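Enquirer: Here the protein sequences line up with chains A and B, keeping their order. Under our numbering, the residue at position 137 of the first sequence is numbered 137, and the numbers go up by one with no gaps. Under our numbering, the residue at position 216 of the second sequence is numbered 216, and the numbers go up by one with no gaps.
For the record, the hints were derived by calculation from the structure and aren't laboratory data. Treat the hints with caution; some may be incorrect.
[To be verified] Derived pair list, reagent style DSSO-like, types lysine-lysine, alpha-carbon separation capped at 30 Å:
| hint | chain 1 | residue 1 | chain 2 | residue 2 |
| --- | --- | --- | --- | --- |
| 1 | B | K158 | B | K130 |
| 2 | A | K12 | B | K327 |
| 3 | B | K158 | B | K107 |
| 4 | B | K12 | A | K73 |
| 5 | B | K180 | B | K12 |
| 6 | A | K124 | B | K271 |
| 7 | A | K9 | A | K53 |
| 8 | A | K5 | B | K327 |
| 9 | A | K65 | B | K241 |
| 10 | B | K283 | B | K158 |
| 11 | B | K107 | B | K315 |
| 12 | A | K15 | A | K5 |
| 13 | B | K12 | A | K122 |
| 14 | A | K9 | B | K315 |
| 15 | A | K5 | B | K158 |
| 16 | B | K396 | B | K327 |
| 17 | B | K315 | B | K224 |
| 18 | B | K180 | B | K224 |
| 19 | A | K12 | B | K25 |
| 20 | B | K396 | A | K12 |
| 21 | A | K9 | B | K327 |
| 22 | B | K396 | B | K180 |
| 23 | B | K25 | A | K8 |
| 24 | A | K164 | A | K142 |
[Stated by the list, open to error] Label pairs and their in silico Cβ distance ranges:
| hint | chain 1 | residue 1 | chain 2 | residue 2 | range |
| --- | --- | --- | --- | --- | --- |
| 25 | B | K257 | A | N39 | 37 to 45 Å |
| 26 | B | S103 | A | N149 | 23 to 31 Å |
| 27 | A | D27 | B | S390 | 39 to 47 Å |
| 28 | A | K85 | B | K12 | 48 to 56 Å |
[Stated by the list, open to error] Far from chain A, some chain B residues (derived; all Cβ distances over 12 Å):
| hint | residue |
| --- | --- |
| 29 | E8 |
| 30 | D22 |
| 31 | T98 |
| 32 | T114 |
| 33 | T216 |
| 34 | K257 |
| 35 | K327 |
| 36 | D354 |
| 37 | N364 |
| 38 | D372 |
| 39 | N382 |
| 40 | H401 |
Only a predicted model underlies this, so the values are computations on that prediction, with no experimental measurement involved. Built from N, CA and C at the ideal position, the CB exists for glycine as well.
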Amino acid sequence: MNELKLIKKAIKGNKECLEELLVLYGDQLYRTAYIYVRNREDALDVVQETSYKAFLSIGQLKNEKFFLTWLTKILINCSYDVLKKRKKELPLNNMDELTEDKREKRVEYLDLLEAISRLNKKHKNAIILFYFHDLPISEVAKVMNIPENTVKTYLSRGKERLKKWLGGMNNNGEKIIARSI
Amino acid sequence: MEKKSLREVYEKIEVPKDGILDAIKAGKERASQDVPKNKMVPRKIVWSTVAAATIIVSSSFISPSLSHVMAKVPLLGDVYTAFNDFVGRSLQSQDLITELNQSSSYKGVDVTITNAYYDGAVIGVTFSVKGNVRTEEDGRIQGFYEIFDGKGGISDSKEIVYMEPSDNGYIGHIQLSYPKTELPPETSFPLEFKMIGGKEGSWRFDVPINQLPYETVHVDKGTKDEDTEVSVHFDSIIEGKASTAIDYTATFPIEGKHDQVRLEAYDDQGKEINIFMDGIDLKTIEKNNKIIVKGRSIIPQSLKGKTSYIVVHPKVALSSESDHFVKLIETTPVAINAARQDFTVEIENITVQDKTATFDFQINNGDYMNQDFLFYSNLARNDVILVKESEKDIYKEAIKHSVEVINKDSLRFRSTFDISKINDFNLNDYVIRINMGTLSSNIPVELEKVKIDLN
Chain A
1 MNELKLIKKA IKGNKECLEE LLVLYGDQLY RTAYIYVRNR EDALDVVQET SYKAFLSIGQ
61 LKNEKFFLTW LTKILINCSY DVLKKRKKEL PLNNMDELTE DKREKRVEYL DLLEAISRLN
121 KKHKNAIILF YFHDLPISEV AKVMNIPENT VKTYLSRGKE RLKKWLGGMN NNGEKIIARS
181 I
Chain B
1 MEKKSLREVY EKIEVPKDGI LDAIKAGKER ASQDVPKNKM VPRKIVWSTV AAATIIVSSS
61 FISPSLSHVM AKVPLLGDVY TAFNDFVGRS LQSQDLITEL NQSSSYKGVD VTITNAYYDG
121 AVIGVTFSVK GNVRTEEDGR IQGFYEIFDG KGGISDSKEI VYMEPSDNGY IGHIQLSYPK
181 TELPPETSFP LEFKMIGGKE GSWRFDVPIN QLPYETVHVD KGTKDEDTEV SVHFDSIIEG
241 KASTAIDYTA TFPIEGKHDQ VRLEAYDDQG KEINIFMDGI DLKTIEKNNK IIVKGRSIIP
301 QSLKGKTSYI VVHPKVALSS ESDHFVKLIE TTPVAINAAR QDFTVEIENI TVQDKTATFD
361 FQINNGDYMN QDFLFYSNLA RNDVILVKES EKDIYKEAIK HSVEVINKDS LRFRSTFDIS
421 KINDFNLNDY VIRINMGTLS SNIPVELEKV KIDLN
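Okay, chain A solo, but in the shape it has when bound (with noise of 0.2 Å):
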């Protein structure tokens, strides 16, 4: 079955077919959610409440062809009450100290992931959204429910920030992948 008889089929209410869908996008869920939160068992806390409110909500996505943008939404909604509620568990001085521990173990590549979860969150959606999903800037527009030219500053904004973190980039972007993989 093609993925969009299997997106009609769910609006429909054929949750086999959604559960078929979300196991389609596990992968891509869970990497965002992990951008996002940045260890596994929220990630996958994530994906849960995700797939929880997708079941939830199929019915009303009007438009089978904006499947993947819904979805993507809920994610990034579902991502920020994850973080929002581990601010609130942890105090502010521990969750710093937590952060040191773990940046130095980390591998090296994560050295740009890291970069992007430091980003401020509408920067970091763009890029996620058009960068890692692939959206083109008018489905990220409608993600985000901006305009398509506040996309573009997003991206760019974005981008030069993570150039800067990174230290001194240049713009071929070989340097980034040469040192961090």
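Chain A is fixed; fit chain B onto it per the hints.
Expert: Using the frame of chain A, we list chain B on its own:
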């Protein structure tokens, strides 16, 4: 910064496959315990059962309108585009739509039938609504209608329809297939709206429709599956201006009353042709201990000049599989076979301890039959279940259990049921219920393909 390099970093994030599957399942299970917040709940109780029934049958009618909330406010002329009606759109471009102007008023709500078409076996009607009506949250209004006086035997004769706001009220669209084998060239069909925008009433029309010129290709070719005694015989192809209908006669054994024919069609390049109304039952009769169904499937385009023949691949989903039960005291292994197809569930071992009842089983002798593992793991979880014998026909929430995969390749599973909460558990009171319905509805009997020349 190149997109590709960033993607590579993303792909490198390690993925815990099993964890993800579990998380998705857990989300699904949690959701199934909650009632969706915005399920359509009609206000009036009288309507609820009818409406609930219709929501299920009517999905094919609702979906065209669902897909365009993103569309702009449609103008009357764009109505077929707005409602994604391919047949209507194509006919409009060929100037083959009949303009109509029939009105009916009730309680200050005016409904006007604006135009209609009748191409091959497909009928489309558009209408506009004016007056004081209640809108849904998304700005649309909901209506409920009946065609052919809601007669039984006509599928989809009662439907819910959504109307989109237009510059001057609302516009709506109904598409249906003519529900009889014979297609009269000139006729009218009764259409009655029984609820519009929260108001109950009666807005009745007798919509005149004239069939556009069409050609019939007589076929007389069939295909049969000896084992299941299911056959599909193609009678004719109706070539309309913007649609193509495939008429067939299917024969099932008497226990296959609810068997379902699904067709797949391919053009002379081997490319799949989309069928948008499938398995329309026009007439069902019982004769010589057989069920004979006159059926129709519709392709939303004219195939003239596009392909010289079509290859139709009929698949029949069998329906009559009833539940099987295995006693816990039975000597293992016990093999359970489906009545009409080659499905098996073999219970290899049953162990009952203090707090748990465990059974090992294998599905289809390890034959995946073109389904993926997820399909079987769902089956293992949901359809091989420990139940109390006195309640074996009641579908209650299953006893808490876990499913372990013993061997993925040979489809071997182990289910462990928690019986610690059951007071005075007795081996004789409990049975394993095996439901093979999921297998038969998802793995249809595939008949031989049939090539049909169109010229």
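Enquirer: Is the straight-line distance between the alpha-carbon of K65 of chain A and that of K241 of chain B 30 Å or less?
Expert: With Cα atoms ~29 Å apart, K65 of chain A and K241 of chain B stay inside 30 Å; holds.
Enquirer: Are the Cα atoms of K164 of chain A and K142 of chain A separated by 30 Å or less?
Expert: It holds: about 28 Å lies between the C-alpha atoms, which stays within 30 Å.
Enquirer: Within a Cα-Cα threshold of 30 Å, do K12 of chain A and K25 of chain B meet the stated pairing?
Expert: 19 Å, holds
Enquirer: For the range 48 to 56 Å, tell me whether the beta carbons of K85 of chain A and K12 of chain B fit it or not.
Expert: Since K85 of chain A and K12 of chain B have Cβ atoms about 27 Å apart, the given range 48 to 56 Å is violated.
Enquirer: Check the non-interface label on T114 of chain B: least C-beta distance to chain A beyond 12 Å or not.
Expert: 24 Å, holds
Enquirer: Sort out whether K158 of chain B lies within 30 Å of K5 of chain A, counting only the CA atoms.
Expert: 25 Å, holds
Enquirer: Mind checking the alpha carbons of K396 of chain B and K327 of chain B for me, to see if they're no more than 30 Å apart?
Expert: Satisfied, since the Cα-Cα distance of roughly 19 Å is no more than 30 Å.
Enquirer: With 39 to 47 Å as the target window, see if D27 of chain A and S390 of chain B comply at their CB atoms.
Expert: Roughly 45 Å apart at Cβ, these two residues keep to the hinted range, so it holds.
Enquirer: Could you check that no beta carbon of chain A comes within 12 Å of the beta carbon of D22 of chain B?
Expert: Not fine: 8 Å to the nearest Cβ puts D22 of chain B too close to chain A.
Enquirer: Would the non-interface assignment of T216 of chain B survive a Cβ cutoff of 12 Å against chain A?
Expert: For T216 of chain B, whose nearest Cβ neighbour in chain A is about 30 Å away, the distance exceeds 12 Å, so it holds.
Enquirer: Can the restraint linking K9 of chain A and K315 of chain B be considered satisfied, given a maximum Cα separation of 30 Å?
Expert: 19 Å, holds
Enquirer: Below or equal to 30 Å on CA atoms is what counts here, so check K107 of chain B against K315 of chain B.
Expert: 49 Å, violated
Checked against the numbered hints above, the structure violates hints 2, 5, 6, 8, 11, 21, 22, 25, 26, 28, 29, 30, 38, 39; every other hint is satisfied.
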